[in-house]
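Protein chains in written order, with numbering that gives the first Met the number 0: chain A, 0 to 652; chain B, 0 to 188.
These are computed hints drawn from the structure, not numbers from a lab.
Every residue, glycine too, gets a C-beta built ideally from N, C-alpha and C.
Among the hints, erroneous ones may be present.
[Stated by the list, open to error] Below are the SDA-like pairs computed for lysine to any residue, each with C-alpha atoms no more than 25 Å apart in a straight line:
no.	chain 1	residue 1	chain 2	residue 2
1	A	Lys487	A	Lys527
2	A	Lys261	A	Glu166
3	A	Lys527	B	Glu29
4	A	Lys514	B	Glu29
5	A	Lys514	B	Tyr33
6	A	Lys514	B	Gln55
7	B	Lys49	A	Cys623
[What the hints assert, rightly or not] To give an idea of the chain A side of the interface with chain B (calculated C-beta under 7 Å), a few residues:
no.	residue
8	Asp122
9	Arg551
10	Gln577
11	Leu626
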Amino acid sequence: MQKKFYLLSVALVLAIVVIVMTGCPSGKTGSTVSGDAASKVYVAPGQHDELYGFISGGFSGQVSVIGIPSGRLFRVIPVFSQDAEKGWGYSEETKPMLMTSHGFIPWDDAHHPELSETEGMADGRWLFINGNNTPRVARIDLTTFRTSEIIELPNSGGNHSSPFATENTEYVVAGTRFSVPYPNSDVSIEDYKAKFKGAISFIKIDKTTGAMDLAFQIMMPGFDYDLARSGKMKSGNWMFFSMYNTEQANTLLEVNASQNDKDFIAAINWKKAEEYIAQGKFKEVSGEYYHNTYNEGTHTATSEVKNKVKCLIPEECPGLVYYMPTPKSPHGCDVNPTGEYIVGGGKLAQVVTVFSFDKMLKAIDEKKFEKTIDGIPVLDYKSVVHGEVEKIGLGPLHTEFDDNGNGYTSMFVSSEIVKWNVKDLKVLDRVPTYYSIGHLLVPGGNTRHPYGKYVIALNKITKDRYLPTGPELTQSAQLFDITGDKMKLLSDFPTIGEPHYAQAIAADKIKDKSKQFYKLEDNKHPYKCLTEAEARVERKGNTVHVWLTAIRSHFMPDNIEGVKIGDEVYFHVTNLEQDWDVPHGFAIQGAANSELLIMPGETQTLKWVPKKVGIYPMYCTDFCSALHQEMQGYVRVSPASSAVKISWNKPTN
Amino acid sequence: MNKTSSLIFAIAALLLVIVYFTPIWTIGLEAPQYPEGIGLKIMISGIEGKKPNDLQSLNGLNHYIGMQKINPESIVELKIMPYIILFFIVFGILIALVKKKILGWIWVGLFAMVGIVGLYDFYLWEFDYGHNLNPHAAIKVPGMTYQPPMIGSLQLLNFTATSYPGIGGIVIGLAILIAVYALLMKKKS
Numbered sequence: 000m001q002k003k004f005y006l007l008s009v010a011l012v013l014a015i016v017v018i019v020m021t022g023c024p025s026g027k028t029g030s031t032v033s034g035d036a037a038s039k040v041y042v043a044p045g046q047h048d049e050l051y052g053f054i055s056g057g058f059s060g061q062v063s064v065i066g067i068p069s070g071r072l073f074r075v076i077p078v079f080s081q082d083a084e085k086g087w088g089y090s091e092e093t094k095p096m097l098m099t100s101h102g103f104i105p106w107d108d109a110h111h112p113e114l115s116e117t118e119g120m121a122d123g124r125w126l127f128i129n130g131n132n133t134p135r136v137a138r139i140d141l142t143t144f145r146t147s148e149i150i151e152l153p154n155s156g157g158n159h160s161s162p163f164a165t166e167n168t169e170y171v172v173a174g175t176r177f178s179v180p181y182p183n184s185d186v187s188i189e190d191y192k193a194k195f196k197g198a199i200s201f202i203k204i205d206k207t208t209g210a211m212d213l214a215f216q217i218m219m220p221g222f223d224y225d226l227a228r229s230g231k232m233k234s235g236n237w238m239f240f241s242m243y244n245t246e247q248a249n250t251l252l253e254v255n256a257s258q259n260d261k262d263f264i265a266a267i268n269w270k271k272a273e274e275y276i277a278q279g280k281f282k283e284v285s286g287e288y289y290h291n292t293y294n295e296g297t298h299t300a301t302s303e304v305k306n307k308v309k310c311l312i313p314e315e316c317p318g319l320v321y322y323m324p325t326p327k328s329p330h331g332c333d334v335n336p337t338g339e340y341i342v343g344g345g346k347l348a349q350v351v352t353v354f355s356f357d358k359m360l361k362a363i364d365e366k367k368f369e370k371t372i373d374g375i376p377v378l379d380y381k382s383v384v385h386g387e388v389e390k391i392g393l394g395p396l397h398t399e400f401d402d403n404g405n406g407y408t409s410m411f412v413s414s415e416i417v418k419w420n421v422k423d424l425k426v427l428d429r430v431p432t433y434y435s436i437g438h439l440l441v442p443g444g445n446t447r448h449p450y451g452k453y454v455i456a457l458n459k460i461t462k463d464r465y466l467p468t469g470p471e472l473t474q475s476a477q478l479f480d481i482t483g484d485k486m487k488l489l490s491d492f493p494t495i496g497e498p499h500y501a502q503a504i505a506a507d508k509i510k511d512k513s514k515q516f517y518k519l520e521d522n523k524h525p526y527k528c529l530t531e532a533e534a535r536v537e538r539k540g541n542t543v544h545v546w547l548t549a550i551r552s553h554f555m556p557d558n559i560e561g562v563k564i565g566d567e568v569y570f571h572v573t574n575l576e577q578d579w580d581v582p583h584g585f586a587i588q589g590a591a592n593s594e595l596l597i598m599p600g601e602t603q604t605l606k607w608v609p610k611k612v613g614i615y616p617m618y619c620t621d622f623c624s625a626l627h628q629e630m631q632g633y634v635r636v637s638p639a640s641s642a643v644k645i646s647w648n649k650p651t652n
Numbered sequence: 000m001n002k003t004s005s006l007i008f009a010i011a012a013l014l015l016v017i018v019y020f021t022p023i024w025t026i027g028l029e030a031p032q033y034p035e036g037i038g039l040k041i042m043i044s045g046i047e048g049k050k051p052n053d054l055q056s057l058n059g060l061n062h063y064i065g066m067q068k069i070n071p072e073s074i075v076e077l078k079i080m081p082y083i084i085l086f087f088i089v090f091g092i093l094i095a096l097v098k099k100k101i102l103g104w105i106w107v108g109l110f111a112m113v114g115i116v117g118l119y120d121f122y123l124w125e126f127d128y129g130h131n132l133n134p135h136a137a138i139k140v141p142g143m144t145y146q147p148p149m150i151g152s153l154q155l156l157n158f159t160a161t162s163y164p165g166i167g168g169i170v171i172g173l174a175i176l177i178a179v180y181a182l183l184m185k186k187k188s
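Take the sequences, apply the hints, and build the full model.
If you want it as structure tokens, here you go:
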């Protein structure tokens with residue numbers, strides 16, 4: 000007994016010594032960064048980064064634009080969430096962008112940025128991103144870095160496997176994370192298995208304008224559709240979707256949806272789907288959804304309400320969908336640059352499963368089916384699998400590729416990136432991430448030709464990594480050099496919101512196309528005011544319209560009288576500047592919306608309903624010039640019964 | 000004038016066609032806030048920004064120091080200059096046809112005079128813009144005037160103004176020199 004205690008003590012002391020000698024794994028990373036790391040991420044003042052990075056803001060609902068390798072933040076693009084800084088969702092022109100069949104929804108959960116592609120390569124034209132909460136897909140124009148379009152998805156319950164694009168951006172897809180009744184209706188949740196279905200939407204993208212159109216949905220079994228990726232080259236006609244909860248549980252999913260050893264990756268032949276649509280083999284299903292478009296000419300968004308969607312049912316469309324059994328609750332579902340290998344990150348398994356596209360076609364040809372589910376053949380696992388990467392780590396989530404035949408897989412649970420060879424399935428290297436990496440990216444790592452210089456980890460937890468800021472801490476991204484055999488940590492930097500996923504593109508593909516300002520002569524806004532001579536105030540009943548101009552450094556008109564309690568005042572502010580980087584702001588005391596930030600040549604409208612009699616200052620909020628502080632005016636608000644007539648002051652210069 | 004010299008004289012006159020399509024003078028301005036520069040191209044028939052909206056931007060900036068708006072429409076010289084150049088092209092070709100040396104010298108003399116008067120006129124405009132300032136201007140620096148240089152660079156508050164002849168201006172000079180050369184050519188013995 001004493002001897003045992005003695006041995007135990009010795010073991011304990013030894014263990015402590017070992018821990019102290021090797022250093023605690025608690026974010027003291029000074030020693031893990033090699034000497035030349037700083038020079039590799041240093042972009043000198045005035046120099047430009049090599050790449051643009053687009054990082055989703057998660058629950059912030061927005062997208063951030065950063066430079067890579069510096070990690071410098073350039074812009075937060077408002078997408079699904081109101082942004083008072085830019086007046087997004089507050090100005091009268093942008094409010095329709097956030098309209099849905101549930102009304103005005105000023106927030107969403109933005110997960111996966113997806114750059115538009117031409118011939119399997121990011122082309123720098125548009126960026127798509129999904130709203131997970133109230134199912135939506137947005138398109139951002141990369142000449143203006145603004146959201147141009149948002150389309151809602153009917154009969155969907157959480158748009159997670161989205162918005163992954165086909166190789167020429169023929170479609171972006173949107174698979175529902177939460178299955179719901181199809182069409183959505185009032186049923187008991189206990190009827191899940193019988194009545195809940197998983198809609199996978201295919202959104203057609205116009206080749207020249209990028210305009211989105213919900214082409215069709217595929218009514219899949221009621222599983223949880225997680226992520227997706229387009230095939231490439233030979234597999235380019237296929238879209239692959241991972242899914243979990245094939246148990247079809249509707250309560251305590253953390254246990255009940257984790258029982259099956261294998262769930263599925265679905266292979267959907269979208270060319271086949273187009274044939275079935277052309278043949279008229281679809282059902283028209285009801286489902287209200289909004290389609291919001293921002294018009295660059297009128298500087299105004301409009302909403303269109305639609306009520307029907309074309310639906311394909313796999314049982315009636317042979318050859319449309321196949322299932323590949325995948326261990327276990329797979330998350331990532333990624334296709335390597337040649338299009339031959341489909342990689343499933345088995346979140347709850349300790350393996351990464353690699354399928355062969357050629358084997359998949361052969362198995363389909365030879366009808367090697369284990370069974371069928373709702374008319375969908377389940378392919379024999381052994382016939383389609385290329386192999387499993389064993390002992391890769393804990394919680395494999397998401398894989399991207401370099402141009403040397405390697406995969407980089409994030410491990411959420413063991414908090415690391417593992418590099419492995421896609422062909423021989425050998426693990427080559429692993430590096431820790433700080434902490435709990437979700438997705439990762441290699442620039443171009445989802446395309447035919449990855450650039451293969453960096454891998455970026457997108458981390459959920461930072462704990463001790465930065466100066467503490469109370470209970471709420473930032474999430475982070477970490478940049479690793481992958482040019483050598485071993486991955487090398489170069490830097491890490493905080494992100495906005497939660498960085499679910501990010502994509503990067505060579506700066507040259509975007510920067511020269513970036514718009515500098517809007518041309519005044521192209522302004523088609525119904526309340527535009529292109530000269531100071533036209534600036535005026537008009538009353539129509541209880542509505543007062545102000546045609547207001549802004550130019551360095553005054554508003555025209557600058558003093559307004561005759562507004563009364565009970566009036567709704569619309570300030571239509573046109574920025575008359577025609578020069579780069581000269582926005583004007585507009586704010587008035589007591590504005591229940593936000594300020595406005597008006598780009599040169601643009602017109603934006605602030606609605607203002609004064610509640611109290613008095614004098615209200617208005618002013619420019621964006622430091623525009625040496626006389627910015629002088630850029631101000633007053634509005635006099637009189638009692639409802641007042642006889643003060645509308646009048647305004649136009650000072651001469 | 001022999002055949003060669005009259006041909007060269009005709010070329011000198013025809014070169015002036017270029018003046019219709021290129022600026023005779025350029026003024027460039029650089030400031031910390033304008034790393035990309037902002038500038039004006041003075042054509043024989045108008046004043047344009049180097050970039051599409053430079054003139055408007057410049058007028059906007061100039062109002063701080065009380066400079067008058069540059070309004071090309073109101074500058075009468077820009078209306079008559081195209082006809083003057085046309086006159087020298089047509090007259091020059093006629094001289095080359097009739098091969099009269101004395102007419103050639105009159106052409107050179109007249110053109111040189113017009114050039115000198117033009118430059119003086121340009122100076123007067125610059126002087127007027129630079130000195131005739133609105134007394135209520137927001138920014139008044141005691142003793143400061145804003146006349147841009149004719150040739151060369153000058154610091155005007157935060158702007159460095161640089162002024163040089165444009166291609167059109169250089170062509171006018173070249174045309175005169177070529178014409179003189181044509182008139183001085185000796186007959187080959």
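Exercise for the section: State the violated hints by number, sorted upward, taking the hints as numbered earlier in the document. Expected result: Violated: hints 1, 2, 3, 8.
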